[in-house]
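Protein chains in written order, with my numbering: chain W, 1 to 250; chain L, 251 to 505.
Rather than coming from a laboratory, the hints here were simulated on the basis of the structure. Hints may contain errors.
As the list claims (entries may be wrong) - What follows is a set of in silico ranges between Cβ atoms, one per label pair, in the way DEER data are often shown:
1) 248(W) <-> 325(L): 32 to 40 Å
2) 391(L) <-> 243(W): 14 to 22 Å
3) 243(W) <-> 392(L): 46 to 54 Å
4) 248(W) <-> 391(L): 24 to 32 Å
5) 194(W) <-> 316(L): 40 to 48 Å
Positions of the beta carbon are idealized from the N, C-alpha and C atoms, including for glycine.
Take a look at the letters that make up each chain.
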Amino acid sequence: MRLKGKTALVTGGRQGIGRAIVERLADEGARVMTCGRAYRPSDLPKEIGWQVADVSDGASVRKLAGQVRATFGGLSILVNNAGVQIEKTLAETTDADWDRLMGTNAKGVFLCCREMIPLMERGGSIINIGSVSGNTADPGLALYNASKAFVHGLTRSIAVDHGPAIRCNAILPGWIMTGMADAAFALASDPDRAKADALSRHPAGRFGQGSDIAALAAWLACDEAGFATGQCYTLDGGLTAASPLNPGLF
Amino acid sequence: MNGGADNASLGNRIAVVTGGCGGIGTAICERFVREGATVYAADIAGDSRSAARYLSLDVTCEDSIRAMMERIGDEQGRLDILVNAAGIEIESTIEETTLADWNRIFAINVTGMFLACKHALSLLRRAGGGSIINFGSYDGFIADPGLAAYCATKGAVHALTRAMACDHGPENIRVNAVCPGYVDTPMLQGFFGSSGDIDSLRQAVQDVHPVRRYGTPEDVANLVNWLAGDEARYASGQLWVLDGGLTAQVQQMRL
Numbered sequence: 001m002r003l004k005g006k007t008a009l010v011t012g013g014r015q016g017i018g019r020a021i022v023e024r025l026a027d028e029g030a031r032v033m034t035c036g037r038a039y040r041p042s043d044l045p046k047e048i049g050w051q052v053a054d055v056s057d058g059a060s061v062r063k064l065a066g067q068v069r070a071t072f073g074g075l076s077i078l079v080n081n082a083g084v085q086i087e088k089t090l091a092e093t094t095d096a097d098w099d100r101l102m103g104t105n106a107k108g109v110f111l112c113c114r115e116m117i118p119l120m121e122r123g124g125s126i127i128n129i130g131s132v133s134g135n136t137a138d139p140g141l142a143l144y145n146a147s148k149a150f151v152h153g154l155t156r157s158i159a160v161d162h163g164p165a166i167r168c169n170a171i172l173p174g175w176i177m178t179g180m181a182d183a184a185f186a187l188a189s190d191p192d193r194a195k196a197d198a199l200s201r202h203p204a205g206r207f208g209q210g211s212d213i214a215a216l217a218a219w220l221a222c223d224e225a226g227f228a229t230g231q232c233y234t235l236d237g238g239l240t241a242a243s244p245l246n247p248g249l250f
Numbered sequence: 251m252n253g254g255a256d257n258a259s260l261g262n263r264i265a266v267v268t269g270g271c272g273g274i275g276t277a278i279c280e281r282f283v284r285e286g287a288t289v290y291a292a293d294i295a296g297d298s299r300s301a302a303r304y305l306s307l308d309v310t311c312e313d314s315i316r317a318m319m320e321r322i323g324d325e326q327g328r329l330d331i332l333v334n335a336a337g338i339e340i341e342s343t344i345e346e347t348t349l350a351d352w353n354r355i356f357a358i359n360v361t362g363m364f365l366a367c368k369h370a371l372s373l374l375r376r377a378g379g380g381s382i383i384n385f386g387s388y389d390g391f392i393a394d395p396g397l398a399a400y401c402a403t404k405g406a407v408h409a410l411t412r413a414m415a416c417d418h419g420p421e422n423i424r425v426n427a428v429c430p431g432y433v434d435t436p437m438l439q440g441f442f443g444s445s446g447d448i449d450s451l452r453q454a455v456q457d458v459h460p461v462r463r464y465g466t467p468e469d470v471a472n473l474v475n476w477l478a479g480d481e482a483r484y485a486s487g488q489l490w491v492l493d494g495g496l497t498a499q500v501q502q503m504r505l
């Protein structure tokens, strides 16, 4: 129970990585609130708070901050997990795509940090979900890749400007088995073969799970990580430690 | 709860820490013991200040490494965790570094790590896999002045860490490096000592960190402990910088 007495807000906790983080932080003793754009998921444990919120909308995030203040008084942990992915090259991307993707992945992180930092007490921890795609490009995910690079840059700025009161780090997942990963594999001419190829490129011999990411989030959230700030930690089963050119796979 | 820090997260694990009697090595041994592991503190001299079992080890000598692994194999039958914390620092530019100095620091910081990993593999396989944690440094990414050979050894550690993660991942052997920034150890005192007044330096160094302090051996042991255990089961091939935010900034200009 490393997070007993702490309070946490996790954006985008309906499913996938966000849900795994919500449940893990609660298991560690934190009081947890999460949010999404629609109704409360029926399978969300009852002790977890749910708010309908759109992180890309300033008024909605201000309202969310009010609910955090009313429920918890202050905030110890903020996990910016809410994100969307659009499977397009830059040339295919419309203005509306830009607004939707950058609105959630970039502006959403900015708004949540700006509105929640005043609620965070000394010793607070912000954890942003970046991506290995923010460092090296996944094909056909132009704006998504760029939005994650924004998250990495903002992570460093928050750590530098708001330390020592607040620590801020990013977790960069590789391929985590979620609906988002399936959507990316669906772009391949042969999704099953693409998946087998991707798997063989992981030294860990498997894709990641939400619980893998949640395990690192829990560590970064707790006082054990008191000297960790301003970093972008990759958690990808070894994928990006190896060159993409692997003669054994030809 | 699976593997939280409250209870023993390394119960039944066999661990060896090279440099296990040094500043950071001692903190790692103490933490591993607290987490329930059977721990060997391997070092060139001195005695284990923790509850770990002391093993005499010269990491530059292949016979010494072999003898250590044979003993662990005889006593435990396997190895789950190898921490390569043995290392030295030489405070000089390349011009002042003799070939003997250069060879010595590479022998300890790089060759020693290579030998320990090489001869640990069979014991790690007997455990069905394991976790190797190497000591890189933020100096493997950016240079501290007057530490040329040290910086170069840490760059080598980083590259070897990724290579071993790539080669041995399929055997369920994870390989990561921790890359500390300024940590309060005798090595840091040595670095300060070469640059003038320790007290004013100490304050200046703290002030330049976003967390307004430098690290402790316990901070580093916290990360090593996480990487050693099952919580980090998907973490491999990475260089984990732990520096209080120091390198998230550009250099602080005095304008």
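Tested hints:
Checking the proposed 32 to 40 Å range against residue 248(W) and residue 325(L) shows it holds: the Cβ atoms sit about 38 Å from each other. Between residue 391(L) and residue 243(W) the beta carbons are some 19 Å apart, a value that agrees with the proposed interval 14 to 22 Å. At roughly 23 Å, the beta carbons of residue 243(W) and residue 392(L) sit outside the given window of 46 to 54 Å. At about 29 Å, the beta-carbon gap between residue 248(W) and residue 391(L) stays in the expected band of 24 to 32 Å.
Separation of residue 194(W) from residue 316(L) is about 44 Å and conforms to the stated range, judged on CB atoms against 40 to 48 Å.
Checked against the numbered hints above, the structure breaks only hint 3 and satisfies the rest.
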